[in-house]
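Asks: Just so we're on the same page, my numbering is the position in the sequence shown counted from 1, plus 1.
Please note that a few of the clues may not be correct.
[Unchecked claim] In silico lysine to any residue, SDA-like type, Cα no more than 20 Å apart, as pairs:
| id | residue 1 | residue 2 |
| --- | --- | --- |
| 1 | Lys216 | Gly14 |
| 2 | Lys59 | Val24 |
| 3 | Lys216 | Val24 |
[Claimed, not checked] Derived Cβ-Cβ restraints for the label pairs, each shown as a range:
| id | residue 1 | residue 2 | range |
| --- | --- | --- | --- |
| 4 | Glu254 | Pro154 | 42 to 52 Å |
| 5 | Pro48 | Asp26 | 20 to 30 Å |
| 6 | Leu307 | Gln258 | 27 to 37 Å |
| 7 | Gly146 | Pro5 | 19 to 29 Å |
No lab work stands behind these hints: they were computed from the structure.
Glycine residues also receive a C-beta, built at the ideal position from the N, C-alpha and C atoms.
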Amino acid sequence: ADAPVDVAVIETGMGGTWDATNVADGSVAVITPIDLDHQEYLGTDIPTIAAEKAGIIKDEAAVVLAHQGLEAAEVLLRRSVEVGATVAREGVEFGVVSRAPAVGGQVLTLQGPGAQYDDIFLPLFGEHQASNAAVALAAVEAFLGGGAKSLDPELVRAGFASVTSPGRLEVVRRGPTVVVDAAHNPHGARALASAIVDGFEFTRLIGVVAVLAEKDARGLLTALEPILAEVVVTRSTSPRAVDPDELAALAVEVFGQERVHVAARLAEAIDVAVELADEAAAELGGGAGVLVTGSVVTAAEARALLGWVEA
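Please build the complete structure, drawing on both the sequences and the hints.
Replies: Below, the structure is given as structure tokens:
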């Protein structure tokens with residue numbers, strides 16, 4: 002109300018129905034893939050969490066749904082019917098037609114509800130980011146008239162080419178390459194692992210992991226294990242951070258004792274990981290890297306430690 006904006010994109014803090022942002026009557030409701038997280042607040046199973054998130058779907062709104070599992074989709078579609086909303090589903094009314102790796106990102110062909118858009122350069126890595134781009138495109142088409150007419154392809158290309166996503170598969174250093182990602186649950190970690198394989202060619206990857214207490218640390222470590230040669234477990238400065246020794250005990254169960262290192266602080270952990278990567282690069286002739294992940298706090302602090310932003 003204080004700033005006379007033309008369009009507001011409002012992200013819920015947590016859930017939907019009872020989130021403070023739900024005072025807004027959005028003409029478009031966008032719901033990205035639903036998985037287990039924040040169970041202590043949102044519910045312990047997918048249908049309950051989906052019902053909470055479905056609360057952002059308002060009367061006669063346009064609904065844009067990213068790929069959902071069957072349990073979540075049933076709940077979201079039922080809510081849409083109840084309030085007379087119009088639904089666009091990824092993989093049906095819109096989606097990613099094709100994607101190819103490119104220097105610094107990927108090149109996409111996207112199908113919106115109203116038109117197809119070719120030769121879109123997206124400077125982000127991972128299949129999940131291509132999906133996010135398709136969802137964003139569908140949301141804009143829905144907002145501007147439900148796909149009644151296509152958008153200006155050149156504006157679409159310019160918009161996506163300017164996208165940034167700090168702390169999401171972000172390369173913050175070279176020699177060795179250090180990548181920071183804010184994945185903080187198993188769903189995010191699986192997407193991260195897939196994107197690392199898809200967008201990078203590491204010969205050996207060292208992980209630095211620090212998570213928060215209420216998260217599924219075992220599930221996150223299990224998702225990352227296939228792509229990490231070794232892992233350095235540590236903690237961020239958050240009071241909610243898991244103690245490194247406690248996290249190490251879980252990591253040993255997932256990785257084995259010989260692949261796990263412990264550091265008391267994030268700065269120390271990054272130094273250890275960089276040293277391990279340098280040793281691997283010397284042995285293998287290059288291609289080693291470091292991945293720092295486990296929470297949004299971890300990603301933010303790593304960026305600050307590596308000189309990208311102030312703490």
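Asks: If a hint holds in the structure, say so; if it does not, say that too.
Replies: Hints, verified against the model:
no., hint, verdict
1, Lys216 with Gly14, "16 Å, holds"
2, Lys59 with Val24, "11 Å, holds"
3, Lys216 with Val24, "28 Å, violated"
4, Glu254 with Pro154: 42 to 52 Å, "51 Å, holds"
5, Pro48 with Asp26: 20 to 30 Å, "25 Å, holds"
6, Leu307 with Gln258: 27 to 37 Å, "29 Å, holds"
7, Gly146 with Pro5: 19 to 29 Å, "22 Å, holds"
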